[in-house]
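Asks: These are the residues of each chain, in order.
There are 2 protein chains.
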Amino acid sequence: MEPDRVRVIFLGGIGEVGKNMTVVEYGEDIIVVDVGLGFPEEEMLGIDLLLPDTTYLQDKKDRIRGIFITHGHEDHIGALAYLLPGLGNPPIYATRLTLGLIGVKLKEARLFDAATLIELDPDSDAAVEAGAFRVEPFRVCHSIPDAVGFGITSPAGLLVFTGDFKFDQTPVDGRQTDFAKLADLSRRRPLALISDCVHVETPGVTPSERTLEPTFERVIDAAPRRIFVATFASLISRVQQILDIAALYGRKVAPVGRSIEKNVDMAVQLGYLHPPEGTLIGQHEASYLPDDEIIYVVTGSQGEPMAVLSRIANRDHRTIQVGEGDTVVISASPIPGNETSVLRIIDNLFRQGANVIYGATDKVHVSGHASQEELKLMLNLVRPEYVVPFHGEYRHLALYARLAESVGVPPENVIRAGLGAVLEFGPGFGAVVGEVPAGHVYVDGVTIGDVSDVVIRDRQTLARDGVLFVTVTVDRQTGAVLAGPDIVSRGFVYERNAEALLGAAKGRVRDALSLNGAGDHAADWSYLNRKIKEAASAYIWEQTRRRPMILPLVVEA
Amino acid sequence: MEPDRVRVIFLGGIGEVGKNMTVVEYGEDIIVVDVGLGFPEEEMLGIDLLLPDTTYLQDKKDRIRGIFITHGHEDHIGALAYLLPGLGNPPIYATRLTLGLIGVKLKEARLFDAATLIELDPDSDAAVEAGAFRVEPFRVCHSIPDAVGFGITSPAGLLVFTGDFKFDQTPVDGRQTDFAKLADLSRRRPLALISDCVHVETPGVTPSERTLEPTFERVIDAAPRRIFVATFASLISRVQQILDIAALYGRKVAPVGRSIEKNVDMAVQLGYLHPPEGTLIGQHEASYLPDDEIIYVVTGSQGEPMAVLSRIANRDHRTIQVGEGDTVVISASPIPGNETSVLRIIDNLFRQGANVIYGATDKVHVSGHASQEELKLMLNLVRPEYVVPFHGEYRHLALYARLAESVGVPPENVIRAGLGAVLEFGPGFGAVVGEVPAGHVYVDGVTIGDVSDVVIRDRQTLARDGVLFVTVTVDRQTGAVLAGPDIVSRGFVYERNAEALLGAAKGRVRDALSLNGAGDHAADWSYLNRKIKEAASAYIWEQTRRRPMILPLVVEA
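First to last, the sequence lines map onto chains Z and R.
Quick note: the first sequence uses our numbering, first residue 169, plus one each step.
Quick note: the second sequence uses our numbering, first residue 169, plus one each step.
The shape of chain Z in the complex, shown without the other chains:
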């Protein structure tokens, strides 16, 4: 690194998405922004979670001066419980609610006592000194309270990191994006703006959370029996809205589902949720109320199979059943990849007799991310020299580049940086100067990193056409077939229906082994294995146009 430059690297994510974990480096000092989880894409078969690849930091942990967290969503805090010790347990800086959410995770992972958690107060002008860096949090609006962006000053200049944001002019908690601090940062001539761009496809302005209230009032007013509202467990402002409207219409609100119960508890304790007197109740208490006085706020708005919404849709919940006359509101948009599961749940809820209110029929959710006019506003507020869009796929980066040009940013000053790209900034300088390992590490079950791309590719082959296990016992000396071949198949064809096919395949394998003077190769397992594989797969392709995985096993006797 040139002496007067600051380095930015997006370490964690999939595709172009660089949102999970970002490294900022100047000289010997490193700070990390966010340490979040990724969620597997469709073809990452059997994978539960993705962790950021921290290879780059492996020999640098003594240089990490702090971890700064923008907000409490899983994709920004969820990997702390896996990676904190490996990063050398540096201090974690975050706002009050975010620290609360992090604390819960670290306690579960038995990392809390060793951790250093330091609260940020974005309403003061205090800054954190971390090595060569001076970090100033500023409030932004998002779909969770207490979200911030960071002004990060190093001797090379000022970086403004938006975090996930939108400009809600009438947020439910009354805490708007901090225009004054942004204006102040702007006056200090920022080198670069690192901006959320994931909602850049949408023209105009993302509607305020407040705009949902008329719909909720109408739905709650009209509902003849119980109401279920499914939303993100962290969407505290939505819960506040439901509590307020419930009180107006004489209903009480019971959270159901582990994560939402925990988050509501914590938000009340920390003063982020203000339930009208007597409105917030427990599930048990709710069960004694008349149907038209209950609102359940439940987990599972993304179709998660173990969450409450899915269970009630499938008549699989321990205590709650949904039925004729009940109303279910899905107050969330499905994250790409979850659409099908969510639609199935909606189908099943209708099947139980419920009236379901969801995105396709009513306005019951707004995004937490800035639309085009807000992204332009952020650019015009901050007026940086360079712009780096993040938190998007390639299409978002490309559309954002066009948008930035439209407000006067020179095209060459918009930098599209994928995962692992090494960005450097200094006075009059901003560019990608190299590349380091980045991306994701698979978590499958309780183990991390032992499932590689090779394993995923095998799963894809197995998923497509199944597997055939072919065993032959051969004479150790002569190589003559003593027994078999036998074939066991799974996921290929139902064996009982396919005796003829598998029988003929065995014949082909037997022929291949005898025709080719197998005796000459009696001890050559790899030769025999190859012969078996070739003969079986050629015949099966010919007959079925499929390519199951074929695993030969030669037993010598």
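Any given hint could turn out to be false.
Repeated chains share a single entry, so a pair holds when one copy, or any two copies, can fit it.
[What the hints assert, rightly or not] Mimicking DSS-like on lysine-lysine, the simulated pairs with C-alpha atoms at most 30 Å apart in a straight line are: (1) K430 / K275; (2) K674 / K701; (3) K544 / K531.
I should point out that these hints are in silico values taken from the structure, not numbers from a laboratory.
Values in this document were obtained by computation on a predicted structure and should not be read as measured data.
Let chain Z serve as the given structure and place chain R on it in line with the hints.
Replies: Leaving out everything else, chain R in the frame of chain Z:
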């Protein structure tokens, strides 16, 4: 069946979707409406296509008086090439363009010469007598020309079958839905309306195809270099619009991709497509034109990996490469399940430097299905006694029921019939009276029906956690372990990284076989298999919280 009743059964589809194939039965006479393909859902691993389950018709083929096809989409004609002989090769009735599309498929399957294809003219008042049925086609608008619905009269009364429809008041081909015939059918007091309901979530009216033209004009006018438009190969009216606008802006249009080239050819020959003089050219001719005079109309708008759009996005097309300054228009909506593939293609096109215009950014596609106000209009035009929504999931049936009530249909006269439900109608009577086998048969590769749900479940297990083969050689007499256990894993963990884990698992298996007096069970394979399976899976679950498929194999020596 009661003597004075007509029976309707939705035979083909998945979920509640009854669109692929419908049976109408009266006394000894049967007619079939549509014989289409289904497309596999996400969890139907490795499956290529779904055919309607025709078990119900197996012993009734001599009673089938005709197959009536509503329009030429795959999900309405695509299974003919598989099922026609099994249905006893009855005559197929369809409009001119639809017959052309069916002809292509039957020729490919070498079924054309034996087939009886009879053209329907929906502009005449002629009706087809088919056994006890009188079938009257009426024009409807849809996203393919020459689509019709059917009035089906039997001694039990009149059924009106909408097929897939919308009311486009300004269709590109000038052929509107036939209001006069619908009014005439209405005067004959229809027993039941069987109505497309798949777009019932959308309020208002589906915009006319014409409303896309300003966007296309703007995009084509602004494009500095080549333009690629990806759309459905059967969306002839879209191709007509592009041809017309191309001529205005001095460009020529070259279809690229097998299905779109064939469909355009046929549509020109049959008079359904009217290219302005000199505007329609071949791909080879296009390659000699300056970039700003070319529009390619290409296949692959659904993200199909082998189609042209995907190939150019991945720099994998034989002759065409997309680059800086090119414009790509995705003029189609992704069918549920295809979203992710389409988005990846968009990302890759941006990565090649193209400007991509798609649904999230611009209005470049409209649905072919009726929205709420059109569905109400159809109900009010036809005024049936009973209403049966079809072509939807359960949520669509439920929302349609509410919509039908809103225009005065008594709730008990809206019948929600899933696949295989036996619907009967007669004077003053309409109800589900029973159930027959229905749904789908899997096509995987070239074989039909040999992949069952058992096989799919195995593929799901394999996909999630992979497979372990555990082999042991035991003494035939004593049951003592002579060699092994050996473990081969695929899709579980990368073997080189997991020697310790698999080594310990082998130890557990060995212990299990020796501890349990295996000698007593020397000849009892199923006992030994169970022991191996239990020991290996318990250990692996304990260590990894995963459940790979475990296949034991005991070799005796």
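Asks: For each hint, tell me whether it holds in the structure or not.
Replies: Hints and how they fare:
1. K430 / K275: within (13 Å within a copy, 64 Å between copies)
2. K674 / K701: Result: close both inside a copy and across copies, 11 Å intra and 25 Å inter.
3. K544 / K531: Both ways: K544 and K531 sit 25 Å apart in one copy and 22 Å across, limit 30 Å.
When each numbered hint is compared with the structure, no violation occurs for any of them.
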